[in-house]
Amino acid sequence: MKSRQFIILNYITANEGVQLQKLLNKFSISKRTLYYDISNINKSIINEGIIKNVEGSFFYFGINENHSCIQNDFVDNVTLRKNYVLYHIILGDLPTISELCTIMDLSKNTITMLIEKCKIDFLLLNLKVTYKKKYIIEGDEHKIRDLFLTVIENLNPHIDDIDEDIINLDEQMNLRLTDFSRKFLSELKKLIVKRIKMGLTINELSYQKEVCAFKHYHACKMILPSSASENEVAYLCAYISSLPTLNTEGTIDRIDDFIDELVLKFEQKTAIKMQYKKEFKVNIKRHIQSSYYRIKFCFPAHNPILYDVKMKYEYLFLILQKIIKNSTILPEFKKIRDEEIGFITTYFGGYLMGEVRATQNSRAIIVCPNGYMMSKTLELQIYRFVPGINIIGTTSLSKLDDVIQEYDYIISTLPLLAKKEVIVVNPILTKGDIDLLLSIFTDIGIPNPKIDIEKLIKTVEKYSTVHDYKKLETELLKTIHQINENERYQPMLNELLTENRINSIDSVCDWKQAIAVAAKPLIDDGSITNVYVESMIENVIQHGPYIVLADYFALPHAGAKDGVNQLSMSLLQVKNEVDLAGVPVHTFLVLAAIDNSTHITALAALSELLYEEKNLKLFQQGSVSEIRALIEKGN
Amino acid sequence: MKILAVCGFGVGSSMILRMSIEKVLKELDIKADVENQDVNSARGIPCDAIFTSIEIGREIAGTVSAKVYTVKKYMDLVEVRVAVNKMLEENNK
Chain B
1 MKSRQFIILN YITANEGVQL QKLLNKFSIS KRTLYYDISN INKSIINEGI
51 IKNVEGSFFY FGINENHSCI QNDFVDNVTL RKNYVLYHII LGDLPTISEL
101 CTIMDLSKNT ITMLIEKCKI DFLLLNLKVT YKKKYIIEGD EHKIRDLFLT
151 VIENLNPHID DIDEDIINLD EQMNLRLTDF SRKFLSELKK LIVKRIKMGL
201 TINELSYQKE VCAFKHYHAC KMILPSSASE NEVAYLCAYI SSLPTLNTEG
251 TIDRIDDFID ELVLKFEQKT AIKMQYKKEF KVNIKRHIQS SYYRIKFCFP
301 AHNPILYDVK MKYEYLFLIL QKIIKNSTIL PEFKKIRDEE IGFITTYFGG
351 YLMGEVRATQ NSRAIIVCPN GYMMSKTLEL QIYRFVPGIN IIGTTSLSKL
401 DDVIQEYDYI ISTLPLLAKK EVIVVNPILT KGDIDLLLSI FTDIGIPNPK
451 IDIEKLIKTV EKYSTVHDYK KLETELLKTI HQINENERYQ PMLNELLTEN
501 RINSIDSVCD WKQAIAVAAK PLIDDGSITN VYVESMIENV IQHGPYIVLA
551 DYFALPHAGA KDGVNQLSMS LLQVKNEVDL AGVPVHTFLV LAAIDNSTHI
601 TALAALSELL YEEKNLKLFQ QGSVSEIRAL IEKGN
Chain H
636 MKILAVCGFG VGSSMILRMS IEKVLKELDI KADVENQDVN SARGIPCDAI
686 FTSIEIGREI AGTVSAKVYT VKKYMDLVEV RVAVNKMLEE NNK
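Residue numbers (my numbering), protein chains in the order written: chain B, 1 to 635; chain H, 636 to 728.
Among the clues, some could well be false.
DSBU-like cross-link-like pairs, simulated, lysine-lysine; straight-line CA separation at most 30 Å [what the hints assert, rightly or not]:
1. H:K658 <-> B:K617
2. H:K702 <-> B:K617
3. B:K281 <-> H:K661
4. B:K322 <-> H:K666
5. H:K658 <-> B:K278
6. H:K721 <-> B:K334
7. B:K278 <-> H:K661
It is worth saying that the hints were derived from the structure and are not from the lab.
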């Protein structure tokens, strides 16, 4: 909470029922700023009470009327601290160490360490840091700007202090930027002006010519100093086009084609059949539309869950990356950032894992005390992060009771008392918020890291005797992990065809025995039961030898349900040719599927291998270790 | 154009067949929807063509309205290519 907000809080607490106009005059702030301050205050005092607007007068409701001990944001937020310092180093106006000690309420030692850490960040980006009365950062100008833009997004911006020029530009050009967009733009302008003054400017800009044609190009020229180069104007102009706005018109023609291409190639590459294609396309279009210019002009995107996405959907991420970077329809996406691919991966991942949970259960309405602007910002962010969500509308707090459509959840930036199913989030979604939303609206919630195993064990201990703490802990972790991972993980071919599942024998008496021998490792480790072996044989008797997919290569399998305990594969090579209903076979690859999608990754890798003649030969005649090596390579 | 790739259960070999068909269609630069299905479901899905094995082809003949094209080895791209070309020719008539 900022000091002004702190004073406002104390003022309202001391003067019950103070009127709106009086507050505005007293603190000489705009209505919008006041509402924003109050929403911030309420978030800070969430455990103690709340400030409410009752017919134009403000009251404090709560237990504690003495707010002197409210925590400083910097005390427990390490990222915020670092971003704060980075921000001021880049701008060249870092407060002195002793000033920083006061601002952050930290020791001198901690502050010095913090500054050193920030310097390392610059070095890692190949940027030069020098200190002559103030910090100067030199190097690739694009990298410096990118870092700055990332930093301001992480600073939890307070949407006051917006540059007058920006407001005018927004209004004149009818851009309808959101509050945060205005704020970011003000910050960027501040930086550009400073950099130009220091003679540090963008020399190369690949899209300069193209951006000149944008309708707000000349307006951008007006708000920068006259010494600004064409490149700088174009840079600012491109940045504006990448920002979230409330304007919904102006679609880019090729996006539909791009999405068709994306989905088609995705299906081809993974052999996944997408069932609710139309709905999915609508969903993802909304996302790509709003990020098109950001991707195209390579502005950094803030994706707090990128790391999790990469861990969780490693394979999916790589596939989509390849498809998008090679798009023929939007070649400008060649330089797409990982963060952006991360967003798109979340969409596909959400689709695959959740199989799009019936949207019936997930209708949400967004409520914001600050009204339309804030809720719109929130809506755009939610579309970005949470696939498949069905936002039926946005409304202000006062009008919530008038909403007639049915909804299941309220998403709000403030706790709404007396309302059920309220999800409280920050105006700029944090990782925690996104996790929460994902777990509520899809089945793909990222494992909750907050589960406290120690507490869990203590609870168990209360009612039973624990003999082996360590073991209990590992087992609990395993169970929790499994629940979250589900059985939906798609293993790779080499994870399924492990060493003991690849065997070779000289001969069998007939193809039925061959299938039985091939399946034996899976029977032995409990992956399948004898019922499944019978089904596979029955299948050939009933439908013929179609399971012989290529020369001398058969894929015995049956339906997904009977006798399969877990997705598995095993391979048997028979040196002497086996007659399978009239077709000669050497290799039997048993496939035991649990549904119709989790084995796709492995099967796609296998089919790629089998299209090559020499690999087919190796499956017939190679040694077990050669086959194993081929499979390792084929992933 | 919608094409079904059919096998006994719609999970294993039909998926492979589908990948082969898609590979061939891609070479020919033709856009089509290819789905893998089991024998019974295939009977109820409207489509332009069905690809399957000779035996299953015989099994479903007469119970489906779309033309059936048979492929002996699902991974034999030459064979799949012949069948796909045949289908395209007949569709163009």
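Would the pair K721 of chain H and K334 of chain B pass a check requiring their Cα atoms to be no farther apart than 30 Å? With Cα atoms ~38 Å apart, K721 of chain H and K334 of chain B exceed 30 Å; violated.
Distance restraint between K702 of chain H and K617 of chain B, which requires alpha-carbon spacing of 30 Å or less: Roughly 34 Å separates the two Cα atoms, so the pair is violated.
Holds or violated: K281 of chain B with K661 of chain H, Cα cutoff 30 Å? Holds, at about 22 Å.
Are the Cα positions of K322 of chain B and K666 of chain H separated by 30 Å at most? Given that 30 Å is the threshold and the Cα spacing comes to 20 Å, the pair holds.
Taken at face value, is the distance from the CA of K661 of chain H to the CA of K278 of chain B at most 30 Å? Holds, at about 22 Å.
Pair hint outcome, K658 of chain H versus K617 of chain B [Cα-Cα no greater than 30 Å]: holds (21 Å)
Are the Cα atoms of K658 of chain H and K278 of chain B separated by 30 Å or less? holds (24 Å)
The structure shown violates the earlier hints numbered 2 and 6.
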